[in-house]
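> If you read the protein sequences in the order shown, they are chains A and B. Anchor point for the first sequence: position 97 equals 97 in the working numbering, and the numbering is continuous, going up by one each time. Anchor point for the second sequence: position 64 equals 1064 in the working numbering, and the numbering is continuous, going up by one each time.
One thing to keep in mind: the hints can contain errors.
Straight-line alpha carbon distances no greater than 20 angstroms define the calculated SDA-like cross-link-like pairs of lysine to any residue that follow [to be verified]:
#: 1; chain 1: A; residue 1: Lys70; chain 2: A; residue 2: Gly40
#: 2; chain 1: A; residue 1: Lys9; chain 2: A; residue 2: Leu95
#: 3; chain 1: B; residue 1: Lys1053; chain 2: A; residue 2: Pro8
#: 4; chain 1: B; residue 1: Lys1053; chain 2: B; residue 2: Gln1014
#: 5; chain 1: A; residue 1: Lys9; chain 2: B; residue 2: Val1044
#: 6; chain 1: A; residue 1: Lys71; chain 2: A; residue 2: Leu95
#: 7; chain 1: A; residue 1: Lys14; chain 2: A; residue 2: Glu79
#: 8; chain 1: A; residue 1: Lys57; chain 2: B; residue 2: Ile1019
#: 9; chain 1: B; residue 1: Lys1054; chain 2: B; residue 2: Ile1019
#: 10; chain 1: A; residue 1: Lys9; chain 2: A; residue 2: Ser84
#: 11; chain 1: B; residue 1: Lys1055; chain 2: A; residue 2: Thr100
#: 12; chain 1: A; residue 1: Lys70; chain 2: A; residue 2: Glu59
#: 13; chain 1: A; residue 1: Lys57; chain 2: B; residue 2: Ser1093
#: 14; chain 1: A; residue 1: Lys9; chain 2: B; residue 2: Gly1041
#: 15; chain 1: A; residue 1: Lys9; chain 2: B; residue 2: His1038
#: 16; chain 1: B; residue 1: Lys1054; chain 2: A; residue 2: Thr100
#: 17; chain 1: A; residue 1: Lys9; chain 2: B; residue 2: Gly1042
#: 18; chain 1: B; residue 1: Lys1068; chain 2: A; residue 2: Asn99
#: 19; chain 1: A; residue 1: Lys9; chain 2: B; residue 2: Arg1094
#: 20; chain 1: B; residue 1: Lys1054; chain 2: B; residue 2: Gln1066
#: 21; chain 1: A; residue 1: Lys71; chain 2: A; residue 2: Thr5
#: 22; chain 1: B; residue 1: Lys1055; chain 2: A; residue 2: Asn99
#: 23; chain 1: B; residue 1: Lys1054; chain 2: B; residue 2: Gly1041
#: 24; chain 1: B; residue 1: Lys1053; chain 2: A; residue 2: Glu101
#: 25; chain 1: B; residue 1: Lys1054; chain 2: A; residue 2: Asn99
#: 26; chain 1: A; residue 1: Lys57; chain 2: B; residue 2: Ser1091
#: 27; chain 1: A; residue 1: Lys70; chain 2: A; residue 2: Pro8
#: 28; chain 1: A; residue 1: Lys57; chain 2: B; residue 2: Phe1090
#: 29; chain 1: B; residue 1: Lys1053; chain 2: A; residue 2: Val60
#: 30; chain 1: B; residue 1: Lys1054; chain 2: A; residue 2: Glu101
#: 31; chain 1: A; residue 1: Lys9; chain 2: B; residue 2: Pro1039
#: 32; chain 1: B; residue 1: Lys1054; chain 2: A; residue 2: Phe103
#: 33; chain 1: A; residue 1: Lys9; chain 2: B; residue 2: Gly1040
#: 34; chain 1: A; residue 1: Lys57; chain 2: B; residue 2: Lys1053
Keep in mind the hints are simulated off the structure, nothing from the lab.
Next come the chains, spelled out residue by residue.
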Amino acid sequence: NAGVTQTPKFRVLKTGQSMTLLCAQDMNHEYMYWYRQDPGMGLRLIHYSVGEGTTAKGEVPDGYNVSRLKKQNFLLGLESAAPSQTSVYFCASSLQGPNTEAFFGQGTRLTVV
Amino acid sequence: KNEVEQSPQNLTAQEGEFITINCSYSVGISALHWLQQHPGGGIVSLFMLSSGKKKHGRLIATINIQEKHSSLHITASHPRDSAVYICAGFSGSRLTFGEGTQLTVNP
């Protein structure tokens, strides 16, 4: 049972490049989330999904897009990376909403130069 | 001002000490999570509670929804408890996270 798996774990991008972060969970969870973690700030919600085929904006959605074509996968895309998107990104999933236990991936450290 | 405030921001203890980390929130919440982030970066859920107290091994979490306050206690602390501890309040449809408390337990 792998839980929540994020790929890649590290990435360096040049400004303007695009990339996709993949999150996969094998717990049949309905809810999935993408957060970013920056020094001196708590985790902030980028986008989330309440089920296959659905997505919604979180606190800081600008510059990101997401897709949930399959229940087990939640993709986070950066179409044109900016230095302000340098951060550590965490994916999480929960059986139901945020009032149920959340399981986190190991994080992706992204640097945009 | 963050809706969820943790104190202290940094805490250093000697092995065996009793540790308390506090979490206060300015908005009404219906549940609160305590998370642990290991030095390698991974985050694991420790507790989710909406009232009273929960205990798991040497960890105890308490919450008072009316007073908007929660505490995480670690008894008989050990160097392997060194990590960042994060509280997150559930309100409406989202979680709001505190900035975390960096705990270092020295042998």
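> If a hint holds in the structure, say so; if it does not, say that too.
Consistency of the hints with the structure:
Between the alpha carbons of Lys70 (chain A) and Gly40 (chain A) the distance comes to roughly 34 angstroms, so the proposed pair goes past 20 angstroms and is violated. This hinted pair does not check out: Lys9 (chain A) and Leu95 (chain A) have alpha carbons roughly 24 angstroms apart, beyond 20 angstroms. Between Lys1053 (chain B) and Pro8 (chain A), the direct Cα distance comes to roughly 38 angstroms. Violation of the 20 angstroms bound is thereby established for this hinted pair. Distance restraint check for Lys1053 (chain B) and Gln1014 (chain B): the Cα-Cα separation of roughly 25 angstroms exceeds the 20 angstroms cut-off, and the hinted pair is therefore not satisfied.
Between Lys9 (chain A) and Val1044 (chain B) the alpha-carbon distance is near 17 angstroms, which keeps this suggested pair within the 20 angstroms criterion. For a cut-off of 20 angstroms, the pair hint linking Lys71 (chain A) to Leu95 (chain A) stands: about 12 angstroms separates their Cα positions. Restraint check: the Cα-Cα separation between Lys14 (chain A) and Glu79 (chain A) comes to about 12 angstroms, which is no more than 20 angstroms; the hinted pair holds. Note on Lys57 (chain A) and Ile1019 (chain B): the hinted pairing is violated, with a Cα-Cα distance of about 37 angstroms set against a maximum of 20 angstroms.
Between Lys1054 (chain B) and Ile1019 (chain B), the direct Cα distance comes to roughly 16 angstroms. Compliance with the 20 angstroms bound is thereby established for this hinted pair. Proximity of Lys9 (chain A) to Ser84 (chain A) is assessed by CA-CA distance (about 19 angstroms); at most 20 angstroms being required, the pair is judged to hold. The hinted pair formed by Lys1055 (chain B) and Thr100 (chain A) meets the criterion: a straight-line CA distance of about 17 angstroms does not exceed 20 angstroms. Between Lys70 (chain A) and Glu59 (chain A) the alpha-carbon distance is near 24 angstroms, which puts this suggested pair outside the 20 angstroms criterion.
Under the criterion of a C-alpha separation no larger than 20 angstroms, the hint pairing Lys57 (chain A) with Ser1093 (chain B) is consistent with the structure, at around 12 angstroms. Distance check on the hinted pair: Lys9 (chain A) and Gly1041 (chain B) sit about 11 angstroms apart at the alpha-carbon level, within 20 angstroms; holds. The straight-line distance between the Cα atoms of Lys9 (chain A) and His1038 (chain B) is roughly 15 angstroms, inside the 20 angstroms bound, and the hint therefore holds. Between the alpha carbons of Lys1054 (chain B) and Thr100 (chain A) the distance comes to roughly 15 angstroms, so the proposed pair stays at or under 20 angstroms and holds.
At roughly 11 angstroms between alpha-carbon atoms, Lys9 (chain A) and Gly1042 (chain B) fall within 20 angstroms of each other, so this suggested pair holds. About 17 angstroms separates the Cα atoms of Lys1068 (chain B) and Asn99 (chain A), which keeps this hinted pair within 20 angstroms; it holds. For the given pair, Lys9 (chain A) sits about 26 angstroms from Arg1094 (chain B) by alpha-carbon distance, which is inconsistent with the 20 angstroms threshold. This hinted pair checks out: Lys1054 (chain B) and Gln1066 (chain B) have alpha carbons roughly 17 angstroms apart, not beyond 20 angstroms.
With a CA separation close to 14 angstroms, the supplied pair Lys71 (chain A) and Thr5 (chain A) stays within the 20 angstroms bound. For the suggested pair Lys1055 (chain B) and Asn99 (chain A), the alpha carbons sit about 19 angstroms apart, so the restraint of at most 20 angstroms is met. At roughly 25 angstroms between alpha-carbon atoms, Lys1054 (chain B) and Gly1041 (chain B) are farther apart than 20 angstroms, so this suggested pair is violated. About 16 angstroms separates the Cα atoms of Lys1053 (chain B) and Glu101 (chain A), which keeps this hinted pair within 20 angstroms; it holds.
Restraint check: the Cα-Cα separation between Lys1054 (chain B) and Asn99 (chain A) comes to about 16 angstroms, which is no more than 20 angstroms; the hinted pair holds. Restraint check: the Cα-Cα separation between Lys57 (chain A) and Ser1091 (chain B) comes to about 16 angstroms, which is no more than 20 angstroms; the hinted pair holds. The hinted pair formed by Lys70 (chain A) and Pro8 (chain A) meets the criterion: a straight-line CA distance of about 19 angstroms does not exceed 20 angstroms. Taking the CA atoms of Lys57 (chain A) and Phe1090 (chain B), the gap is about 17 angstroms. The hint holds against a cut of 20 angstroms.
Proximity of Lys1053 (chain B) to Val60 (chain A) is assessed by CA-CA distance (about 33 angstroms); at most 20 angstroms being required, the pair is judged violated. For the hint pairing Lys1054 (chain B) with Glu101 (chain A), the CA-to-CA distance comes to about 14 angstroms; that is within 20 angstroms, so the pair holds. A C-alpha spacing of about 15 angstroms is found between Lys9 (chain A) and Pro1039 (chain B), which places the hinted pair at or below 20 angstroms, so the restraint holds. Only pairs whose Cα atoms come within 20 angstroms are accepted, and Lys1054 (chain B) paired with Phe103 (chain A) is accepted, the gap being roughly 19 angstroms.
Restraint check: the Cα-Cα separation between Lys9 (chain A) and Gly1040 (chain B) comes to about 12 angstroms, which is no more than 20 angstroms; the hinted pair holds. With a CA separation close to 33 angstroms, the supplied pair Lys57 (chain A) and Lys1053 (chain B) exceeds the 20 angstroms bound.
Hint violations for this structure: numbers 1, 2, 3, 4, 8, 12, 19, 23, 29 and 34, all remaining hints satisfied.
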